[in-house]
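Chains as they are written, first to last, in this note's numbering: chain Z, 28 to 231; chain G, 6 to 263.
The following residues of chain G were derived to be distant from chain Z, with all beta-carbon distances above 10 angstroms: (1) Lys29; (2) Asn32; (3) Tyr33; (4) Asp116.
Here are the simulated DSS-like cross-link-like pairs (lysine-lysine), alpha carbons at most 25 angstroms apart as the crow flies: (5) G:Lys186 x G:Lys138; (6) G:Lys47 x Z:Lys48; (7) Z:Lys47 x G:Lys96; (8) G:Lys42 x G:Lys237; (9) Z:Lys218 x G:Lys47; (10) G:Lys158 x G:Lys89; (11) Z:Lys131 x Z:Lys94; (12) G:Lys89 x G:Lys137; (13) Z:Lys78 x G:Lys120; (14) G:Lys42 x Z:Lys47; (15) Z:Lys47 x G:Lys47; (16) Z:Lys140 x G:Lys256.
In case anyone wonders, no lab produced these hints; they're calculated from the structure. All C-beta atoms in this analysis are idealised placements derived from N, C-alpha and C, irrespective of residue type, glycine included.
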Amino acid sequence: MITIVDYGLGNLASIKNMIKKVGGEATISSNLEEIGNASKLILPGVGAFNKGMENISNMGLQSILNKKVLEDRVPILGICLGMQLLTNYSEEGDVKGLGWIDAKTARFRLSSKILKVPHMGWADISINQKQHPIFSGLEDTIRYYFVHSYYVRCKSEKNVLCTAKHEIDFACGIVKDNIIGFQFHPEKSHKFGMTLLKNYIDYC
Amino acid sequence: MRRVRIIPVLTVDGSKLVKTVKFKKPNYLGDPINAIKIFNDKEVDEVVVLDITASKNNKDINFQLVEEMAGECFMPLAYGGGVKTFDHIQKLFSIGVEKVILNSVLETNIDLITKVANHYGAQSTVVALDIKKNIWGTPKVHFRSGKKSSNIKPIDFAQKVESAGAGEILINNIDRDGTFKGLDMELINSIATSVNIPVIACGGAHSIENIKDGIVCGGASAVAAGSLFAYKANNTASILINYPSQEELHKEVFKHLS
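Next comes chain G alone, as it looks inside the complex:
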């Protein structure tokens, strides 16, 4: 039987756990360390932590929080947000992070991917592809927590980071973030079929079935979600850190995979 990774995304603002809608309107959820402990109990596959203000506000990475989270984490932890230099990266790996996620820095320094991949291996080098459609409905790559638009096509950028040595691409669909509108299968598929490295689809997932479709129809290697695992029954008024059981995952996802 094949398993695929289903990955909760924790977005943090400073030391607070928050959840956004379309990368805006951060809603305070609670303590990120507590969320990690709950995810340990639920035996989640992997956790992605994104500091959504570090790059935007040119702040330093909250290494203390990241170290605390990594120390609590019984599963792999990927960290993104404000990662600008190789020094940052060395520090992140030394405090127990498994993967670093690069985004804003790649606007000017794509070579950092190669340097990280050569040193820590491609599997530890993740690129976040923050994607938003422009007014003509054409998807474009964004940087700095979605604040900075570009004219770059997602497929072009995906191939570029793959050849630079990235081991994985996290598609973060800004238009769908926190909306529960479902994963954008077309967008996911266009990227997943244009590269050979694993693609994690994120943005809009509303159910386990939708996650399964992201794999089966979208062609993603893994699916990540924030709101789905942060709220009860997709109701943003009701905060509840949750994750499907192994039985559910088998029934709803794994048994449908080839």
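So that you can see chain Z by itself, here it is in the shape it has in the complex:
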């Protein structure tokens, strides 16, 4: 059973809908016991980084998440803010993150007059780690829906799954062992996203 961690931010219904559509089963929960029993986790999130960390801490979720992810090595997929929370630190609110992947979350500072922040819309992505099972069966030209004002900078290239461009190239997918994060919204990205979610269910 996949558990979508409800820490009070984000569009959980659409992720649950999409998991169902690709043949999986997911529950939305903030209950420690349910999260403790999960065989796979999704960390969603739309909103501010500091608010996200504050909620995780206030709801007492941090230690169970640490145990599940770092000790039990249960797969976790962070989406959008959920990916950024995997990093050490964010400029948004100047706070620490979960710190599971050696990276930081920085604000877009663009010189362009045309491109805006938030980065909102569809973008083609380049896959750095083609052999990763999450990308099974995907074509070469794939696009995803993004909505974000901050982006993730990894210390090491080996944690970068895929990249996209918004004036600068940035990591839009990150990975470390059982931990995966996507900046874009697979649950709102047509067949491109459905394939990723199906791969997460089947192969990760």
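Fit chain G to the known structure of chain Z by using the hints.
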């Protein structure tokens, strides 16, 4: 290559899909859920749903329909129409809407923008700027599905909602709605250059080329259209839910962008 969003707008009246001309004369098009399914197949960028009677008639939001639409939608869904309270907003997000569009409520309560943006993020907080020219040809902001005029200048209002925390502005040009007269580039440009947040231009688009011009000449970040994607060959007697293919979009739009 840069992509821009090209967004079909579905206007609903109760549970019916309709299309207006200048915010009037709703023409019955069919079932909104069916339209969403067609747009899924066509892999559209995003969908905007506007309930055009909810605010005007002080009705409640048809949450059941919105939930059904959001459940079918493989792309982001923005909803507007009758959104008056924070409770409405919480409910909309909980049933799977990505963005809420505020309009009539801002006549009296601009602080709602800040509250929504703080809670759900600016990117989920869209303001619809319904604009109509007065008898002297000066564009003014309207509320309540265009029924309520004001003396507010679009640029002033755009800047005000940006500082209140809105993440995006949807320009809805009432004079051009359903007319196929083309986007009003001057109006779009005046607003797009006065704010830093993305501006979606809507009202009057008659072709993909016109949409491209809305981006390149108008300076919009995205273009939305209702009639263009609801009728075959801009003929209002011939209903056909349509959307350009990726090949067309590349050829007609994306490759012209800097």
